[in-house]
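Working from the sequences, and respecting the hints, build out all of it.
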Amino acid sequence: MNGYLHLWLIPLLPFAGFLLNGILGRRLPKPLVTAIALLAPLAAFGVVLSVAQPFFGIGPVSGSPAWVETCPQAWINASALHIDFSFVLDQLSLVMLLVVTGVGFIIHVYSVGYMHDDEGYARYFSYLNLFLFFMTVLVLAGNALVMFVGWEGVGLASYLLIGFWYQKKSAADAGKKAFIVNRIGDFGFLIGMFLLLANFGTLTFSEIATKLGQDPGWTGGVVTVIALCLMLGAAGKSAQLPLYIWLPDAMEGPTPVSALIHAATMVTAGVYMVARTHVLFDHSPFALGVVAIVGAATAIFAATIGLVQNDIKRVLAYSTISQLGYMFLACGVAAYSAGIFHLVTHSFFKALLFLAAGSVIHGMGGEQDLRKMGGLWKKLPITFAVTTVGVLAIAGFFPFAGFFSKDAILYAAFLQGPGGKLLWFAGVVTALLTSFYMFRLWYLAFLGKSRGPEIHPHESPWSMRGPLVILALLSICGGWIGIERFSSFLAPAVGAKAAEAGSPHLEIVLSIVAVAVALLGWLLAHLFYREKSTLPASMAVALPGGYKLLANKYYVDEFYGAAVVKPLFATSKYLLGWVVDVGLLGGIAWLLGGIAMLSGAILQRWQSGNLRSYAAWLAAGAAALLLFLLVPWPTVLAGFLGIHFGMAGH
Amino acid sequence: MNSLFSQEVPLSWYLLLSAALFSLGVLGFLIKRNLITVFMSIELMLNGVNLSFVTFAHQWHAVKGQIFVFFVMMVAAAEAAVGLAIIIAIFRARATLAVDRIDLMKL
Chain E
1 MNGYLHLWLI PLLPFAGFLL NGILGRRLPK PLVTAIALLA PLAAFGVVLS
51 VAQPFFGIGP VSGSPAWVET CPQAWINASA LHIDFSFVLD QLSLVMLLVV
101 TGVGFIIHVY SVGYMHDDEG YARYFSYLNL FLFFMTVLVL AGNALVMFVG
151 WEGVGLASYL LIGFWYQKKS AADAGKKAFI VNRIGDFGFL IGMFLLLANF
201 GTLTFSEIAT KLGQDPGWTG GVVTVIALCL MLGAAGKSAQ LPLYIWLPDA
251 MEGPTPVSAL IHAATMVTAG VYMVARTHVL FDHSPFALGV VAIVGAATAI
301 FAATIGLVQN DIKRVLAYST ISQLGYMFLA CGVAAYSAGI FHLVTHSFFK
351 ALLFLAAGSV IHGMGGEQDL RKMGGLWKKL PITFAVTTVG VLAIAGFFPF
401 AGFFSKDAIL YAAFLQGPGG KLLWFAGVVT ALLTSFYMFR LWYLAFLGKS
451 RGPEIHPHES PWSMRGPLVI LALLSICGGW IGIERFSSFL APAVGAKAAE
501 AGSPHLEIVL SIVAVAVALL GWLLAHLFYR EKSTLPASMA VALPGGYKLL
551 ANKYYVDEFY GAAVVKPLFA TSKYLLGWVV DVGLLGGIAW LLGGIAMLSG
601 AILQRWQSGN LRSYAAWLAA GAAALLLFLL VPWPTVLAGF LGIHFGMAGH
Chain B
651 MNSLFSQEVP LSWYLLLSAA LFSLGVLGFL IKRNLITVFM SIELMLNGVN
701 LSFVTFAHQW HAVKGQIFVF FVMMVAAAEA AVGLAIIIAI FRARATLAVD
751 RIDLMKL
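Read top to bottom, the protein sequences are chains E and B.
According to this note's numbering, the stretch in the first sequence is residues 1 to 650, in order.
According to this note's numbering, the stretch in the second sequence is residues 651 to 757, in order.
Worth flagging that the hints you see were computed from the coordinates, not collected in a lab.
Treat the hints loosely; a few may be bogus.
What the hints assert, rightly or not - Which chain B residues stay away from chain E? Per the calculated CB distances, all over 12 Å, these:
#	residue
1	P660
2	W663
3	I681
4	F706
5	A707
6	H708
7	W710
8	H711
9	A712
10	K714
11	G715
12	Q716
13	F720
14	V722
15	A731
16	A743
Stated by the list, open to error - Going by beta-carbon spacing under 10 Å, a handful of chain E positions derived as facing chain B:
#	residue
17	S608
18	L611
19	R612
20	A615
21	G621
22	A624
Unchecked claim - Facing chain E, a subset of chain B residues (Cβ under 8 Å, in silico):
#	residue
23	L674
24	V676
25	F679
26	E693
27	L747
28	I752
29	D753
30	L754
A virtual CB, placed ideally from N, CA and C, is assigned to each residue, including glycine.
Here you go:
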């Protein structure tokens, strides 16, 4: 089809940017660094747009536009194991690519303004381009192993960028935490891949789908185990229960990183992976149920924590976890296109909210505490306007983007029988909480009187305001495509959902409920933080247990610390450190050394330095040698023994 | 001449003398403290061996043994030159020829 443009260009362009800025960045003038850093994702976005044409009916179309590109050389070829380095472009990866490169480029532009005075300017952009490289590899992957390469790579980029200000201990620790927690998920991904290889003999997604399709009776059992292992991986990457703990800490990174990696793209990789391997989940109702329950539980759980956070970025982090829970909820009710739809709209409005928060932090001179903000709407009018759009979008108000996607998820959940009603209810409660904490943020930061010290907030430069405005427009219009058109577009990739038992009437009722709930959240927030600003404090006093539980994030970090980290440290220190290292290994070393020293102490007597003693040993040695050579030992010994035997014979 | 020799003095006598010379050399090497005496003991051992070489060469009518003796004498002469030079150097440096005092290699 599109013969002169190759999929390889999409990841390789950011990779070139990474190499150039990573190796030469410090010696290049700043405008050149900026140009390289921006051109790489822009060019990748251009390639994506050009390869996207057949999917939208532009240009020559012949048959199905899905496009598979395989490296001519096999990647791994060992007897039964045969893995190609293959890329796949279908509707699903196309949507993801558009988000990754498009939103990625916008955030790159924003970063130019945000990171302008940072010492590590070139390093920052080389990492950011590296992230785009791995993310596009992840998205384009035609088999699980290529996906795993991207999967690990984005983890690396995330680690590097969380710990970007590595001089700060908390940032370095947060980077390590993210990496280690992700490893737990990756373990599940790896086991899932091994099981896939053992049972299907292939890691290529299309072949797995074919094999499963040939045998429709193949449900449960090993497929469930594989799906659950993959889900563990997805939960690690997408910060779901119980592996979500790294994402709030990841906010130590620069804010555009939080927007790009920890809101819009990387954390959605888990959702993408579930959608990509949806055939496995389709064959395992149990695994689907687990996905749905994990998603719903995470959504509600993270939303409650978000209610009481005071750090503006942490509110958004918990909100991200909660929204990712929605996406998993959608996948869990097999509404993959709804999940991907929410992924897309979420990437718009959450990137917008993060970038707006970055603009606030930038304007406040690094202040992130909501309690010290207030009254910013006059000083930062554009930031205020775009944040309002973002808040309305995430709360699910018509006609903002979040309304359409959240609605699609709740509708799909509602149609899933009695269990689905419960999931729907969890989703609605989450919507209420979401609306409440987002408006709380809005009121605390922008309205009311300034509570901070006397500083003079200033609006950000245009390189930051421009991306905000674009994302705000996307957050308004992003949902207008509608779930029907979106899911019919995605249908070739994720399968068309079975005919639903719902009706337009029901859908409208559910939409009204959702919007009403969002309005209720707004009203509550208005009441708490505008009308009676003493109410939150008195609530906290009235319900000390509940408030403390939420403010301390359900003590999950403390629990993991006591249940995992402390025993690990203790084992390392006492068992491995003292018993094994000092005792066993040290003991062996001391023993060997002791033997050498003891034998040395004995043998050194020979080395007396006395010439005559050397000569005596020499003479004795020569005499012994002569004795050995000249005496016919066999005869002597035989005679000696013969005598003995002869005596014994008597 | 061969018959005369063998009639007059038996082979074993030569060998016994050779062994005695060699043993005396070893004994002197081991018990003497003066470096020059030790050196002379080495010469004694060499000459004890030389005697047995000559004896066997005569006994078996093989000229190889006599050639060996020349070699040994040559090496002994060279060794004497080097050894005496070393002895003089040691004496200059340490003002002693006592073997027991020349023990720099001792731990």
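- Query: What are the numbers of the hints that this structure violates, sorted from low to high?
  - Reply: Those not satisfied are hints 3, 21, 22, 23, 26 and 27.
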